[in-house]
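In order, the protein sequence lines correspond to chains A and B.
With this note's numbering as the guide, the letters of the first sequence map in order to residues 385 to 790.
With this note's numbering as the guide, the letters of the second sequence map in order to residues 497 to 733.
For the record, the hints were derived by calculation from the structure and aren't laboratory data.
Just so it is clear, CB atoms sit at the ideal spot from N, CA and C, and this is done for glycine as well.
Take the hints with a grain of salt, since some may be wrong.
Unchecked claim - List of simulated lysine-lysine pairs, DSSO-like, C-alpha gap at most 30 Å: (1) A:K775 <-> B:K611; (2) B:K709 <-> B:K581; (3) B:K709 <-> B:K612; (4) A:K778 <-> B:K719; (5) B:K663 <-> A:K387; (6) B:K682 <-> B:K663; (7) B:K611 <-> A:K778; (8) A:K775 <-> B:K612; (9) B:K682 <-> A:K778.
Stated by the list, open to error - A short, non-exhaustive set of chain B residues, derived as facing chain A with CB atoms under 7 Å: (10) S546; (11) Q556; (12) M642; (13) S647.
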Amino acid sequence: MNKTDLNLIIENYLRNPFRSFGLSLLIALLASVLLVGGLLSFSLSKGLNRLSSRLGADVIVIPQGSEVNDQTVLLQGDSKYAYLPHGSLEFIRGLAGVDVVTPQYFLTTLSSSCCEQKVMIIGFDPASDFVIQPWIHEVLTDKLPKGAIVVGSDISVGEKKTVRFFDHEYPVAATLEPVGNKLDQAVFVDVATLADIREAAKAKGVIFLHQDVKSEGSDSPIYSSVLIKLRAGADINRLSREIHTRFDGVQIRTRKDLFSGLEKSANFLQVVVWSIVGLFLVIAVAAIVISFSLATRERRREYALLRIVGYARRRLRTLVLGESLLVSAVGTYIGLLFSSVAFFTFKIWIGEHVNVPFIVPENAEIAAVYAVVILLLHSVGPVAVYGVANKVSKIDAYAALREVEH
Amino acid sequence: MILNVSNLSKTYTRRGEEFNAVDDVEFFAWSGDFSVIYGESGSGKSTLLSLLSGISCPTQGSIIFNGADFANLTDAEISAIRNEKIGYVPQESVFLPHFTVLENILLPKALRDGKKIEVKSIADLTDVDIASKLEALGIAHLVQEMPAELSGGELKRAAIARALVNKPEIVIADEPTSNLDEINAKIVFELLAEFAQSGTSVLVATHDPRGFKYGDRVYTMHKGHLLPSGESDFGGL
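Looking at chain B on its own, in the form it has when it is part of the complex (with noise of 0.2 Å):
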């Protein structure tokens, strides 16, 4: 089991009042698992992957990942995991605007090797596997562009790219195609499943109902609580 999270809640202040972004929720996800999270705006997905990715502090609970919990963990230790294991995806586009694509989507590897990000273009690119994924999300021919001159989708799909860069052991992915069409969305869910199949675990959070079918596993997100809902409920739509 690759991440174990129980009775897991995330509190907020909102006018005085206290609500439960997360409540109570519990959660586990394997290697090459492809979960997928349905969920309407605001009823706290995009909460739930950032606490899954250790950016956030959970207010109770436990997120336990291959075995170390993160509660015990410290921040650098945590950051650590979250630069090698961890693929996020957030939901807003962001990058550094003032390098180009490929430094954006090359910064995990650089964190991780402690060098500086010295590929300027694809072709000096040594690690295939990173080229070929450049390649199936159509954006190889975008990389030396800066940020700034990329569409909306375009950005979406080189934030997978860097989410994917550094091999991680789970990709966790919220509204990975809200930018994107059809095909695009289409291009991006298979290659999360098929990152899923060559044994990385995949949680993505989204309301696109596109991506319930390649879900292992479909939960529903409703104000704070996560409910298992099976393959069958979703399985047509």
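Same shape as in the complex, but just chain A (with noise of 0.2 Å):
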């Protein structure tokens, strides 16, 4: 393609307004279909598949009555259940078939210096712990300082790197990735750290459910849940037997539990988005296909005059989808303009309203994304009129002018 043909092609677009226009806008919206739906299907699938490999426990056993937010696999709910029998670690770390137990411990606090809304603080057992220390190492290499904590991506730490707790200040050793969910605005302690917590809160008057068990008269540790990871094999229903028969009050979830709600809304969702990016590409290759057909009958003198001054077959093919890659490439840069604005100003807001684990993509991952819809949407014009073009390249110039006479 030279010069005049690249000059054809432009006029052509630009002294056809109304035509061009048109068509590009059609692609302008399929390309914001197709980057929003991408993005978000991407956000979706980054979402499911940190939470689903951050929670490293095949079972979670937990306080019968509450329940656990299937998005960051926490008790939420009524706090007077949140607390397991006396002696259920123990009693779960001997059964057939476990591999390892670890507990963990909820409190929740009204209010503090680095958050206007609740924080969940969630302590954990370095010694045992196989579910939040990997995640942890994933930003600190070193181990946990003594009474440092480690918080979710959306606690603020100010310049200081510290959360205030009942008056005491806690230095921040690291802020975790995101994970799009509840998770985000947590806070991680080991279970000494916790204990400090507890002291001060209670110094200040607050006292925490757990304490008011411990007062029951016995000394052995209560846990908020416990995470099990089981060995190959193992049977987790007669694993929930051992459990039930020895203990009431409590419950057993599943991993397979716990995501096959979120997998069925994540795909549904899924299904929705490509459904309408779906519709969206028939609708446009349909239009295009029509208008450069139609367009084609209307200018078969324009392509005879080509042929009469010099214009080659292939070469006027090459013109016919030059025009359908300028009418895709303009729309393509208009709509990823518009989309490109509209997702990254609301996708926090898309975010909380999604109701499934939504992670923002990488940099990389976007700029792949993006990449994925330029090299779709500039193929779909000249891919949906390569037939017409192929027409448009065998036109009988004689006989189209005298079709024309006549």
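Once you've looked at the hints, go ahead and assemble the two chains, each given alone in its own frame, into the complex.
Take a look at the structure:
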């Protein structure tokens, strides 16, 4: 393609504004839907994958009556049920098929110096934990210093890199990567630090439920939940029966239970998103094919003229493909511009309203989505009109001129 | 010899029956020739000219242009010859509707040079020859208009200007005076004759007897056959 062809393509585009911009607008809509759909789909998959990989446990044992938030695998609901019976950890550890068990402790503060909203403090046992420490090691290679805490990505730590609880400053050793749910607003501490926080709370007159329970007379520690990693081939049903036989007041949830609902929601969203993308793709391709086919009929005289002045058949095809490429390109960039502004402006709102784990992809991943959208949409026009372009290249210029005349 | 045509035929099928629009035509053209093909509508003149310009492909026979046999050339090669060496004026006035008349006229030149059409007005024309042809054809003042704004006669003259813009070796004009009044028809024929005198071969198909007197050779086309008529047969018309 030389400057003459390029000139003709651009001028034809600009001098047929209604048709050109109309088609470009359609491509822009398709680009918007495709980009937002792609980023949304990517974000959902990423959120789900990260959450799944972070759970780490095959089974979670929680107090009867409490609920597990399937996005955070944290207890939620009425806090009066937020503890397990005494001795449950030791019992579970001794069951057949159990590889590792670790307890977790949850405290919820109504407010702190860091956040206006409620902050969940999650305590873990460094000796046995296999869930939270791997997350921490993603951002902190050293051991968690004594008295230090790790915070979710949405927790503000300020310049001093500390978080204040009950008039005590706790140094923040690391901020976790986002996971796209309420864990991003949680604080992670080891049991020793958790005990400090409890003491600080007690000094301020705040009594956590666990302390009430402990005061019933038992010295054995109580937990909010027990997470279990099973050996290969372990029988979950049997494990569940044994725990239920030994303890009333507990419920057992498997990773599959927890994620099935989330996966269903995420899959449904994906189906909706890609159905919309598919619908727009079909509409756009149909509109381009129809428009170019009709235009080709109207423009037979023009193509005949180009043959007369020396355009080869292959070059005519290039011209038609070039025009469709320009229509696609203009539409693509307009669409990407507007949809990018919309998506990145409202990504937080979207994340809060899709009700499944949602993580905006990394820059490189976003760039990859853009590259795919650009590549795909640049090819939509030329691929759609390839047949039309072939027809144009085979035009009988002499017959075309005479058809018009008669 | 610029053009050597032998045994040329073009067969079409109409209502299931084959007929020869061009039938076993022999034709030669030399530099500086002014050939006129006379014939009634439907005699095959336009079909013959479309074959000679490489726009259509013959069913049979050969067309040798400056020693190159069209049958041995690719479409791209024939198209390049048509762009650079053949100035074709179709019977129908056809233009790119969204480009000015001047842009349309300069299109073959831009195509030949591989450049965009940058000349927006006649004042920008650096080629004096093109400007003088536009003046001679009486359309210099119209070239910035859009084609839809010109009359049929004006468009015909613009089409002739477009055919001449690359200074072709042969001008093939199909009914170049069909929409022109007597004065303008005379201007066109004289310009083509002048072109022939400068060494360009000119081939005109017409049923306008006013063109006969300009022809060095005059042919008659009848039912696809091309018959040499000789100057004397039509000289008095």
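Each hint tested on the structure:
1. Proximity of A:K775 to B:K611 is assessed by CA-CA distance (about 26 Å); at most 30 Å being required, the pair is judged to hold.
2. Distance restraint check for B:K709 and B:K581: the Cα-Cα separation of roughly 25 Å lies within the 30 Å cut-off, and the hinted pair is therefore satisfied.
3. Our distance criterion of 30 Å between C-alpha atoms is broken by B:K709 and B:K612, whose separation comes to about 40 Å.
4. With a C-alpha separation of about 28 Å, the suggested pairing of A:K778 with B:K719 holds against the 30 Å cut-off.
5. Pair hint B:K663 plus A:K387 holds up; C-alpha atoms about 22 Å apart against a cutoff of 30 Å.
6. With a CA separation close to 21 Å, the supplied pair B:K682 and B:K663 stays within the 30 Å bound.
7. At most 30 Å may separate the alpha-carbon atoms for a hinted pair to count; B:K611 and A:K778 meet this at roughly 25 Å.
8. Straight-line distance between C-alpha atoms of A:K775 and B:K612 comes to about 26 Å, which keeps the hinted pair within the 30 Å bound.
9. In summary, the hint linking B:K682 to A:K778 is not supported, as the alpha carbons are separated by about 38 Å, beyond the 30 Å threshold.
10. The criterion of a C-beta within 7 Å of any C-beta in chain A is met by B:S546, whose closest approach is roughly 4 Å, and the hint holds.
11. Among the interface hints, the one on B:Q556 is violated; its C-beta lies about 17 Å from the nearest C-beta in chain A, farther than the 7 Å criterion.
12. Violation of the interface hint for B:M642 is found here, the shortest Cβ-Cβ separation to chain A being roughly 10 Å, above the 7 Å cut-off.
13. Hint on B:S647 is violated. Least Cβ distance to chain A is approximately 17 Å, over the 7 Å limit.
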